[in-house]
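Put the complex together from the two separate chains, hints included.
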Amino acid sequence: MRSLRWRIACWYAVSLLSVLGVILGVTYVHLQHELRVERWERAHPGHSDWTLHGSYSEAEIRDIVGELWHLTILYAAPVVALSLAIGYLLATRSFRPVADINRQLGEIGPTSLKRRLHVRSVDREFEAIEGNINLLLARLEDSFRQLTEFSAQVAHELRTPLTLIRLQVEDAEGKIEPALAESLQDELRRLSDYVDQCLLLATAEQGRLELKFEELAPGRLLIDMLESYDLWAKSQHRAIELTKDDDACVSSDPRYLRQVLHGLLTNAMKHGAGPIAIAVERTSSGVLCRIANRIAPNPAPRHGIGIGLRVARALAAALGCGFEIRQEPERFVVELTWPGSASKSLNAATDSHAPRSW
Amino acid sequence: MGMRILVAEDEARVAEHIRKGLSEAGYAVDVAADGGEALWLGETYPYDAMVFDVMMPGQDGVAVLKQLRRKGVRAPVIFLTARHGVDARVRGLDAGADDYLGKPFSMVELQARLRAVLRRQRSEPTDHLRVADLELDLLARTAHRGGDEIALTNREFALLELLMVSSPKPVSKTAIIEHVWDQHFDSGTNVVNVYVNYLREKIDRAGWPPLIHTIRGIGYAIKEPAP
Chain A
6 MRSLRWRIAC
16 WYAVSLLSVL
26 GVILGVTYVH
36 LQHELRVERW
46 ERAHPGHSDW
56 TLHGSYSEAE
66 IRDIVGELWH
76 LTILYAAPVV
86 ALSLAIGYLL
96 ATRSFRPVAD
106 INRQLGEIGP
116 TSLKRRLHVR
126 SVDREFEAIE
136 GNINLLLARL
146 EDSFRQLTEF
156 SAQVAHELRT
166 PLTLIRLQVE
176 DAEGKIEPAL
186 AESLQDELRR
196 LSDYVDQCLL
206 LATAEQGRLE
216 LKFEELAPGR
226 LLIDMLESYD
236 LWAKSQHRAI
246 ELTKDDDACV
256 SSDPRYLRQV
266 LHGLLTNAMK
276 HGAGPIAIAV
286 ERTSSGVLCR
296 IANRIAPNPA
306 PRHGIGIGLR
316 VARALAAALG
326 CGFEIRQEPE
336 RFVVELTWPG
346 SASKSLNAAT
356 DSHAPRSW
Chain B
457 MGMRILVAED
467 EARVAEHIRK
477 GLSEAGYAVD
487 VAADGGEALW
497 LGETYPYDAM
507 VFDVMMPGQD
517 GVAVLKQLRR
527 KGVRAPVIFL
537 TARHGVDARV
547 RGLDAGADDY
557 LGKPFSMVEL
567 QARLRAVLRR
577 QRSEPTDHLR
587 VADLELDLLA
597 RTAHRGGDEI
607 ALTNREFALL
617 ELLMVSSPKP
627 VSKTAIIEHV
637 WDQHFDSGTN
647 VVNVYVNYLR
657 EKIDRAGWPP
667 LIHTIRGIGY
677 AIKEPAP
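If you're matching them up, the sequences are chains A and B in order.
Per this note's numbering, the first sequence starts with residue 6, numbered consecutively.
Per this note's numbering, the second sequence starts with residue 457, numbered consecutively.
Chain B extracted, bound-state conformation (with noise of 0.2 Å):
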């Protein structure tokens, strides 16, 4: 891809595995350990998106995050944070956010946020998801696989849009249900896998090559069928 992530993350040991996890999916990563050194990196190079830990020693992420806008700096900002009320979220998008994620997080939903953001910043049209022939539109919220309209509930229809958002990557079952379902709907079920199965008879007809997999010990994900 080709892109530049500056990642600031005062605890080592999780900075180096987003660090990991990034490189991985294809970004140069730069890794500052407190707030001073991210302004600096920020300033001094021209990234594609940052990703910041709102608590961190000296200036937290939100105060670097100010100074990096007055200085004109635009690239996208997703803040990784320990707190999840709404007032500290409301303060970080205030300052300039784009996205935010609560710890514990995964590498997976941190990977489809970035891309989300850098979408949105090459104001790539997000309206229309694809994969193989499933098409999404996110506008009008109909789904169709070969020309035939799926019909599917709001819960079905938001399982899908992560798992397309997210595709060819496979998304945790703790990633599905921060997304599709309420904060705190108890997760210790098998809804999830009720709901993959649900949607699984809709969009994987007989006949159709079957695009939602399972993934042991990771989760699910939608991709198309090797040839």
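Just chain A, with the same shape it has in the complex (with noise of 0.2 Å):
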């Protein structure tokens, strides 16, 4: 990518080499021209009485505007350079509030719209930017306020119907077909679930999650939840296979990191085929968990991804967690990291590494 820094350098360059080139330009057909046509007249050196008039030989002239040539080639290097290194200082420090902007709209994200634009400069064009810029931000920080309120305002709204949907169905069993009372229950708690999910997106997406962080080690965690997913996985003839480091530990939510564990495995389920494996690992740079599965033969069409893993996004972002999702050739990879974490002594685990089938 070209770098507008060294552009402006280059241009600065050329403007100063064309008009120190036009002055030495117009110096040297004036001095060949007065050159030759001058004369001179001087005393005679032995008869004060006596003038000598003279003009220049074509050699001479020839010889001082060589002179001249030679010297303009001897200084063209450093001249270059010189101006070159002075555009690129001038560019540099007139972008100096242009890298700034970009820096701290670099730092703005879903969760700090609030944030505002502070350039430490005193040109008008980069106040009238900042000025821009800021006014944009107000506009997409309420658009994106509305836009969460409306998703937690309808989710409220739902709830009220759904209850009444429920205690109609309730009250109704005794007089409907007891299978299509059944799914009507079954729908009604997936609709429950979406609402649920909704809420709870529009709630880590304003940041306001109250979460209360400790040390805990997420192989543990797992431990706990993969009960129910292992039943789950063996009515679809598949298979949880678990490998952790109970000396993994990080600073997390318990109850918010399995909501994100419980998004994470419900999609390997739902959407991934073959096995599933999870692994809970130390690395260099700190903890990483890493769920991957088999994509599916023939995967329903989905635009992006879907709400359950879009929840999952938000809460490991609150969570402070990475969250990388990979779509290989044939798996499907979702990384949860924690930079920085490292063991703790939480832990007296005797199956430590050991893969664990489920």
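Be aware that one or more of the hints could be misleading.
Here are the computed lysine-lysine pairs in the DSSO-like style, where the Cα-Cα straight-line distance is at most 27 Å [stated by the list, open to error]:
#1 Lys625/B x Lys658/B
#2 Lys180/A x Lys476/B
#3 Lys180/A x Lys679/B
#4 Lys119/A x Lys217/A
#5 Lys239/A x Lys679/B
#6 Lys180/A x Lys625/B
Derived Cβ-Cβ restraints for the label pairs, each shown as a range [to be verified]:
#7 Arg150/A x Tyr654/B: 45 to 55 Å
#8 Asp191/A x Asp593/B: 26 to 36 Å
#9 Thr609/B x Gln151/A: 44 to 54 Å
#10 Glu246/A x Thr609/B: 17 to 27 Å
#11 Arg586/B x Asp229/A: 27 to 37 Å
#12 Gln109/A x Gly492/B: 47 to 57 Å
#13 Asp191/A x Thr609/B: 22 to 32 Å
Source of the hints: derived by calculation from the structure; they are not laboratory data.
For each residue, glycine too, the CB sits at the ideal point set by N, CA and C.
See the structure below:
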């Protein structure tokens, strides 16, 4: 990618050299002309009343202008280098507010839309840019807030009719076909789950989760959760294999971390195929939790990621852990990372590092 | 039972279903349509328990409960709310509520919670549950049937406890998932059936009359065998 600073430095150098070139050209032509037409007069050294008249020979003229060319070529390289350096320095100094704006914009995420730019520059142009970007951020924050508030309100509003439907279905259970009643209850439960997930997503994206961090071992959390998923997997003739390092501890909120893991495991069960490999390990940079599974042969078409993964991603962001989704040719991998996390003495594990089949 | 319950719910149709469900369970039910009416009824009549919607026009459920508690009304209160967050829950319990039920809820669940708060109110011992010859010790976390101890996992114990608390009424699969599993465990599976079958194998062994029953279209119930 081309650098604007270098382009400006080149333009500066070219402009400077052009001006110097014009001055030099004019000087050369004028000097040559003057030397040709110049007639000099001086007193004779032996006879003070005599006056000598003369002019430069062509050889003398070539010698004088040749010297000028020689000096020009000699100084050209340092002048070019100097002008490029000066140009680059000026461009860098002039673009410092741009770098500052870029850095500040890069730090603004969905949970920090309240932040505004503060550019340390007195230039009118940058003041205008700062003002306009801040106005844009205010509009963005407002839109995002309205969107998440709308999601939350819709979710809340949906709960009353859902309650009513559930009570009505329960009330009618003796009168309608049992299979129909069961199916209605199942669909209601799914709908209620979606409403809960939408609300959780809105809360997480608004940065309003109340988090209580503590030291915990993700491997142990998984052990507790996998009992039910194992049954689910067995019903689909699949297996869950957990490889965990019990010394791998992180600082997190167990309640929300469980929800992240639930989202990932549910996604692997619903949209994946084959065995599910879960690994919790320490790496050189911290702690890693990886959940991988084969991609289902004929996956249902999806636009972007589903709500379960979106909730998991938003919660992971709120918990301050890295969240990466990788779709390899045959595998779907999700990785949670806690940079800087290390081992703790929470453990007394006997099966550390041992793969465990569920 | 002869117990009187005050229900405050601004959504008329939900209120009517609650009234009907609780009446069928043997309670005398009064319904208030807003916070002001609930406050007046709560101050005027002695209720055995109250069920308040948190979000009501005028005064919300929390404000009504605070005022009732200040005036010495000690009847147990269950909040119904569309807000499931921990902060909302803490706010409700801090105001003096005895329990908290998120919408959408099941009538069976509301009745079970109501029975539990009423039992606590009467200081009935709740550390033992019994259905026929099946006994559950909630403190020691042990189960016995006909004198034989039955080994249960934590989840099986929680499932059995829920069924026994609600006995003889059936408990829906939704209520089971909400009580026994994490809030966000995906419920679109047959895991509940599998667990109930595990439990059945342990509780209803060959030669013993079956206690766990599948009620099609509703859920599961644990009840004494018919004589």
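Against the structure, the hints:
no., hint, verdict
1, Lys625/B x Lys658/B, "21 Å, holds"
2, Lys180/A x Lys476/B, "16 Å, holds"
3, Lys180/A x Lys679/B, "22 Å, holds"
4, Lys119/A x Lys217/A, "23 Å, holds"
5, Lys239/A x Lys679/B, "30 Å, violated"
6, Lys180/A x Lys625/B, "17 Å, holds"
7, Arg150/A x Tyr654/B: 45 to 55 Å, "47 Å, holds"
8, Asp191/A x Asp593/B: 26 to 36 Å, "34 Å, holds"
9, Thr609/B x Gln151/A: 44 to 54 Å, "47 Å, holds"
10, Glu246/A x Thr609/B: 17 to 27 Å, "21 Å, holds"
11, Arg586/B x Asp229/A: 27 to 37 Å, "30 Å, holds"
12, Gln109/A x Gly492/B: 47 to 57 Å, "51 Å, holds"
13, Asp191/A x Thr609/B: 22 to 32 Å, "25 Å, holds"
Of the numbered hints listed earlier, the single one contradicted by the structure is hint 5.
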